[in-house]
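Here the protein sequences line up with chains A and B, keeping their order.
The first sequence begins at 25 in the numbering used here and counts up by one.
The second sequence begins at 7 in the numbering used here and counts up by one.
Worth flagging that the hints you see were computed from the coordinates, not collected in a lab.
Check each hint, because a few of them may be wrong.
[As the list claims (entries may be wrong)] SDA-like mimics (lysine to any residue), calculated; alpha carbons at most 25 Å apart, straight line:
no.: 1; chain 1: B; residue 1: Lys36; chain 2: A; residue 2: Asn244
no.: 2; chain 1: A; residue 1: Lys294; chain 2: A; residue 2: Lys355
no.: 3; chain 1: A; residue 1: Lys445; chain 2: B; residue 2: Leu101
no.: 4; chain 1: A; residue 1: Lys513; chain 2: B; residue 2: Lys36
Keep in mind that this is a model prediction, so the values were computed, not measured.
Chain residues, written in single-letter form:
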Amino acid sequence: MRIKFSLLYFLILISSASFAQVLQNSQINGSFQIDGQYYQTDSAIGAYAPAQDIDLMGFGNLTFTNGPFTAGVRYESYNNAIVGYDQRYNGSEIVHRYAQYNNDGLDITIGNFYEQFGNGLIFRSYQDWSLGYDNAMDGIRVVFEPTKGIRLKGAYGKQRFFYENGPGIVRGIDGEISINDFLSNYKESWSSKKLKTVLGASVVSKYQKDNDPLRKLPENVLAYALRANINYNDFFLLSEYAYKYNDPSTGNGLIYKPGNALYLVSGYSKKGIGLTVSGKWIDNMNFRSDRAAVLNDLSINFLPALPKEQTYRLATLYPYGTQSNGEFSGKAELYYRFQPKTKLGGKYGTQINLSSSMVQSIDTDSATSKEFGPKSNFLTPGDERYFRDVNFEIEKKISPNFKGSAQYIYTEYNKNVIEGKVGADYVYAHINIIEFYYKINTTHNIRTELQHLFTDQDKKNWVMALIEYSIAPHWFITAYDEYNYGNEKSKERIHYLNGNIVYAFGSNRISIGYGKLRAGLLCVGGVCRVVPASSGLTFSITSSF
Amino acid sequence: MNRNSTLFYSYLLQICFVFVLSFSACDIIKEPYLEEGGGNGTNDSVLRKVIIEDFTGHLCANCPDAHRESDALKNIFGKQLIVLSIHSGDFAIPLPAGAPKYTYDFRTPEGNELNNYFQLMSWPNGVVNRTSYGGSLLLNYPSWGAAVGDLINLPAEAQIELDHSYDSTTRTLNTTISVEMLEDMNGILKVCAFIVEDSIINWQLDDKATPKDVQFYVHKHVLRGSLFAPPHNTWGKEIANGPVSSGDTFTLQESKNISANYNENQVSVIAYIYNDVTKEIIQAEEAKILP
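Construct all of the structure, not just a fragment, from the sequences and the given hints.
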């Protein structure tokens, strides 16, 4: 008996010592977020409290790192998902777990992972809490850098579909070569050359069984993409072309037509000035690991939206959402800073930002084939305009304590196409925004926003005013009112009044808000979700360590 | 060729090899795009019948794709497949009176309730026998065929017979629903029955039509309401709560006035028995009110 106890004691001692040693060289990081809402019914704005009155949702990430080894878990809980988020999230579970080993140029992950090939035209796995979007892969990922300048990536698995995995298997590889870095292995002078070139290519294939009794469906659908990024002095060119083979799905009306996409961004940038010109062509590039999926479910790829992503409240009324079945868009942006102590720069300098974008349908032949849909004419815009905007912003510091900005935004918004609302107005909106910051002393600041939206369509004119008082580094107190004063229906001329208090300490942040939120569309990078009107108390806690 | 070049070409060759391998995972489909043959399409007496509840809307441009899908599936599965078009949700809201089109209201209280129960967020969408397929209850139309195919050849667990007596003068329908269990079961079993009208001509937005606003669209198997009066209109009446044995029979008699706005020659009753806990449909039947 004594021997057994001694042996046990010895083993505990050894394992404790080993464990202590492991812990000594390890690091644990984490982040948490909790969002909640207490609802009040307000039929005037179309806000209805669900039966449970309160919704609370949150997540916690824990990451353990020990040298080249990393492991992590993510727990999510939605009881229930806040109104506007997909209610299929309701429930609680560990949704993300992985182990990763990265050593000597070889990085292997098993479990859940996020990954992107190139610009994401044929593969992007990512998560966005605000959108309620998560298409994490569950499988195996390998990244290998055999030598400087060459990187190979492989990804294999299924995509997250709420608390399950989607039915399709996604597998892809990506190869990228940085010519300068690679050749500098042999001749150092290559790393300092003005012309820098990075070439890449990727292939993604998805598998889904064909159980359709009606039609022959491709069980393996392949897409490939080729890209080149070139830098020369202050100029850059970023380009990617993608092609997808026959992929009948709900998104494209079950047609067998191949899809393709072209994404180009070129620009010039140096101190005080930046110019960017972008273009994008998309034809039938809805690519999902379940051919029956809709909304934001099980997307394999990401098709970035070119129009400027607005942040000011009234400017977010008409956001653009990417049309994966076909769009032709272009954008130009100019940033210029008038230096201090010049005529236009004044004492502190002046900055102007100018951008404009336009999104059209793609040109198609009227002759429609039942199996292939209309034939598209590559790089030819169609007649229907989906979106257009012009943004002009000027920012100026007036005194050491006072600075401001003024912005004009013109938007054309095809509500019919972007929101799928038949018979909806085509909206032409003019938005003016003025923002001021005033620094009272080293810790106390005031920020104000005045916004006005003018349109003859949709819900007509809006005005918005915001005031924020902050006491650095802890307190931020905000109040704002959006007022749809131009609404044709007098009952819908509603004040959407909101108040919000934020307390920040260390890496923690607690916020409580109360008020009415108008219905709208929230878009991030062209991916959108509908936000219904709501009224009541909102609260949020974020923390990380 | 020096060592550096050899290394470079070696890496390039490896990359090309992997890419070539990857391209093998691609199926390119050529004509014919449709499968040959299909289901049995027979109408033997005790076959399992499957219901597709198609949530649709006249302002939903993609919904006709789902209508065409269910038509094609009907051609394969014959009377073993029953389709119920439920106009509900955002795209079923009629335009204001006085608008030149889309003013007709196809919606019903029962359809709205089912729409809310199944938490529809997009249209077209459907449920097949209210049974999950591939982990999902709500199915987009490309999955309907496979989901129906999974169920339709299972042995029937119950038989439903509908016996109508319809007086055209008073427009009164008397229906007897007879259910015979073909399997032993345990649970809460309910029977529900809906009034359906076929071939209603009205506006429909169709993304594949030119022009897209189709004035004389044929709306098929449209849910018009329930055979049962409230509070049983959406979820029907309980016929068993506990064990039932093969051979047990249940009979319900219902009377309903058929609206003068309906074409009585196109009106049918769809009745089904389902498990109230899982909501899964066990058996269904459809019969016109006039021969």
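Taking the hints in turn, this is what the structure says about them:
{"no.": "1", "hint": "B/Lys36 - A/Asn244", "in the structure": "holds (14 Å)"}
{"no.": "2", "hint": "A/Lys294 - A/Lys355", "in the structure": "holds (20 Å)"}
{"no.": "3", "hint": "A/Lys445 - B/Leu101", "in the structure": "holds (11 Å)"}
{"no.": "4", "hint": "A/Lys513 - B/Lys36", "in the structure": "violated (55 Å)"}
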